[in-house]
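Engineer: Chains A and B, in that order, give the protein sequences. Count along the first sequence starting at 1, add 138, and that's the number in my numbering. Count along the second sequence starting at 1, add 123, and that's the number in my numbering.
Just so you know, these hints were derived from the structure itself, not from any lab. Treat the hints loosely; a few may be bogus.
Negatives, chain A to chain B, calculated, CB over 10 angstroms [said to hold, decoys possible]:
id, residue
1, Asn275
2, Ala291
3, Gln331
4, Met401
5, Ala469
6, Ala518
7, Asp530
Covered stretches of chain A, going by a simulated chain B footprint (3 or more residues, C-beta under 8 angstroms) [claimed, not checked]:
id, stretch
8, 259 to 269
9, 314 to 322
10, 333 to 347
Just so you know, even glycine gets a beta-carbon here, dropped at the ideal spot from N, CA and C.
Spelled out from the first residue to the last, the chains are:
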Amino acid sequence: MSDLKQAKLLRDKVCIAGVGDTDYRADSEAHRQGAVMPDSYRYATRAFKRALEDSGLQKEAVDGVIVGGPISSSRTCEVLGLNPRWTASEDAGRAVILATLWIASGMASTVALIYGNNQRSGGTQYGGARAAGGEQNLSYVYYAPWGMTSQGALYAMMARRHMGLYGTTQEQLGHIAVAERRWASMNPNAVMQDPLDPEVYLKGRYICEPLRIFDYCLVNDGGVSLILTRAETAKDLARPPVFVSGFSAAELHVDSTQLRPRMIDFYRPAHKRVRDEVYAAAGIDQGDVQSLHIYDSFTCHILFALEGFGFCGEGEGGPFVATGVLGPGGALPINTSGGMLSESYMQGWNHQVEIARQIRGEAGLRQIADCHHVQYISDASGKCTSIIYRGD
Amino acid sequence: MATQKPARPSPYPGLHDKPFWEFTAKHEFRLPRCAQCGKYQWPPAAVCAGCLSDEYTWERVSGVGTVLSWVVFQRQYFPGIPPPYNCILVQLDEGPLFISNLVGVEDGAIDFDLRVQVDFQDLPEGYTLPVFRLTDS
Chain A
139 MSDLKQAKLL RDKVCIAGVG DTDYRADSEA HRQGAVMPDS YRYATRAFKR ALEDSGLQKE
199 AVDGVIVGGP ISSSRTCEVL GLNPRWTASE DAGRAVILAT LWIASGMAST VALIYGNNQR
259 SGGTQYGGAR AAGGEQNLSY VYYAPWGMTS QGALYAMMAR RHMGLYGTTQ EQLGHIAVAE
319 RRWASMNPNA VMQDPLDPEV YLKGRYICEP LRIFDYCLVN DGGVSLILTR AETAKDLARP
379 PVFVSGFSAA ELHVDSTQLR PRMIDFYRPA HKRVRDEVYA AAGIDQGDVQ SLHIYDSFTC
439 HILFALEGFG FCGEGEGGPF VATGVLGPGG ALPINTSGGM LSESYMQGWN HQVEIARQIR
499 GEAGLRQIAD CHHVQYISDA SGKCTSIIYR GD
Chain B
124 MATQKPARPS PYPGLHDKPF WEFTAKHEFR LPRCAQCGKY QWPPAAVCAG CLSDEYTWER
184 VSGVGTVLSW VVFQRQYFPG IPPPYNCILV QLDEGPLFIS NLVGVEDGAI DFDLRVQVDF
244 QDLPEGYTLP VFRLTDS
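With the hints as extra help, turn the sequences into a complete structure.
Structural biologist: Here's what the structure looks like:
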């Protein structure tokens with residue numbers, strides 16, 4: 139277990155100074171029209187430039203770079219003309235945490251987090267014999283001789299088991315897709331904004347039963363960047379600071395190719411370890427969280443995380459989401475940009491941007507009133523992280 | 124002319140996986156078991172994840188288990204495996220979880236807790252796939 143005293147020392151020491159993202163909707167439309175599309179570095183560098191402008195900092199201030207997606211840190215730095223002290227490659231949640239550790243320990247002062255991915259126009263495959271991520275997660279490719287492939291199928295198998303154990307229904311899963319689409323309809327940059335109601339959801343074609351097309355995230359191009367810096371310099375920034383208030387992480391890898399942490403445990407042991415630390419680290423109660431942002435490559439991600447973090451009881455996720463609690467006007471607004479189901483599949487990175495916008499009061503029609511505490515949760519492939527962000 | 128894609132993907136070509144497929148070719152269902160602590164290591168790996176021993180025996184297991192979950196693919200991912208087709212999650216009586224296909228049952232009739240036993244399909248691709256069918260009893 140992490141030392142809570144140390145976690146408290148890190149509280150609010152680092153802040154998001156700037157955020158940038160790309161034109162998901164316009165780029166998606168351009169690709170549909172047959173335009174020649176940018177590569178991953180172009181998306182990444184666009185987002186970085188916007189984040190830097192948003193922060194009011196100069197690029198010479200950047201002494202750490204963490205990249206995400208298919209881009210390399212070395213090439214990204216070369217393209218951007220950066221000679222930092224530190225580089226790394228991480229998923230969205232871990233990138234924020236690592237940058238926070240670098241900055242809070244004095245090893246770096248300003249860290250740029252940069253993600254770019256031309257997965258749609260570049261034809262990235264998430265299923266099949268060469269499924270992306272197979273070199274990291276053997277389960278993505280190991281069962282190909284039986285036709286078992288794609289992360290969607292793994293989640294479909296988890297969802298089916300949840301249905302068998304607890305009576306969860308496809309209609310209930312549909313409420314998650316519907317809630318995110320309702321949020322997306324208030325986000326001008328969301329790729330999917332057409333109305334989605336439960337009836338339309340249930341008419342959606344199956345990809346891998348019991349999951350339908352609307353249970354799957356988008357696959358679209360884009361980039362995201364965040365600039366993190368020392369909280370003590372926040373008063374000099376162009377925008378209101380968004381503090382990294384608390385975080386925790388836990389990973390489940392034992393028997394992961396055998397699928398035990400997913401299918402038997404729904405990743406709950408990792409959820410529990412993180413849950414036991416993250417609120418205490420930030421010095422808040424779970425009830426103080428005003429908006430929740432969960433890694434959502436598939437609808438059921440959200441159901442499992444809600445249960446694992448105790449927002450509802452184990453097995454009660456289906457009836458819980460069916461109350462409409464997650465959508466606009468609900469008590470637990472979730473993925474208010476439309477998330478990866480309806481805004482953009484930026485592998486958790488777009489969630490960080492939306493959190494910053496909510497805390498800064500820049501979320502337009504979807505703005506949550508007096509938004510101070512927002513939580514991010516990811517458990518993709520058993521690597522669970524959670525971060526609590528706070529506004530001034 | 125475009126290169127012909129393999130009809131069905133080959134087994135994962137890991138160093139430690141080879142014996143498994145050599146046994147299925149003989150219609151034997153064997154899993155690697157740690158010679159030190161007795162833990163089944165599925166899929167095979169460099170060492171036992173329990174005690175780090177690298178000594179294994181390939182132990183014949185019952186091939187009988189229980190269906191914990193399943194999916195039915197409606198989208199095609201492999202040219203040689205046209206949808207719809209099922210994949211099942213079996214908990215073997217010896218403990219390990221095993222992904223496979225259920226044969227001899229309509230996809231719509233698959234259910235939780237079905238008792239199943241291993242069967243073997245000799246494929247034209249040159250390997251033998253362990254699949255499952257309902258137990259005789």
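Engineer: Has the stretch 333 to 347 of chain A got at least three residues whose CB is nearer than 8 angstroms to a CB belonging to chain B?
Structural biologist: n = 5 at 8 angstroms, threshold three: holds.
Engineer: Please verify that the nearest CB of chain B lies beyond 10 angstroms from glutamine 331 (chain A)'s CB.
Structural biologist: With a cut-off of 10 angstroms, glutamine 331 (chain A) remains clear of chain B, as the shortest Cβ separation is near 25 angstroms.
Engineer: Are all C-beta atoms of chain B more than 10 angstroms from that of methionine 401 (chain A)?
Structural biologist: 6 angstroms, violated
Engineer: Mind checking, does the stretch 259 to 269 of chain A have 3 or more residues with a CB under 8 angstroms from chain B?
Structural biologist: Contact hint for the stretch 259 to 269 of chain A vs chain B: holds, 3 residues under 8 angstroms.
Engineer: If we take the beta carbon of alanine 291 (chain A), is the closest beta carbon in chain B still more than 10 angstroms away?
Structural biologist: Non-interface label on alanine 291 (chain A) violated, nearest chain B Cβ at 5 angstroms vs cutoff 10 angstroms.
Engineer: For aspartate 530 (chain A), is the shortest beta carbon distance to chain B beyond 10 angstroms?
Structural biologist: 47 angstroms, holds
Engineer: Are there at least three residues in the stretch 314 to 322 of chain A whose beta carbon sits under 8 angstroms from a beta carbon of chain B?
Structural biologist: violated (count 0)
Engineer: Alanine 518 (chain A) clear of chain B by more than 10 angstroms, beta carbon to beta carbon?
Structural biologist: 19 angstroms, holds
Engineer: Any Cβ of chain B at or closer than 10 angstroms to asparagine 275 (chain A), or is the non-interface label fine?
Structural biologist: 12 angstroms, holds
Engineer: So alanine 469 (chain A) supposedly isn't at the interface. Is its beta-carbon more than 10 angstroms from every beta-carbon in chain B?
Structural biologist: 31 angstroms, holds
When held up to the earlier numbered hints, the structure conflicts with 2, 4 and 9 and fits the remainder.
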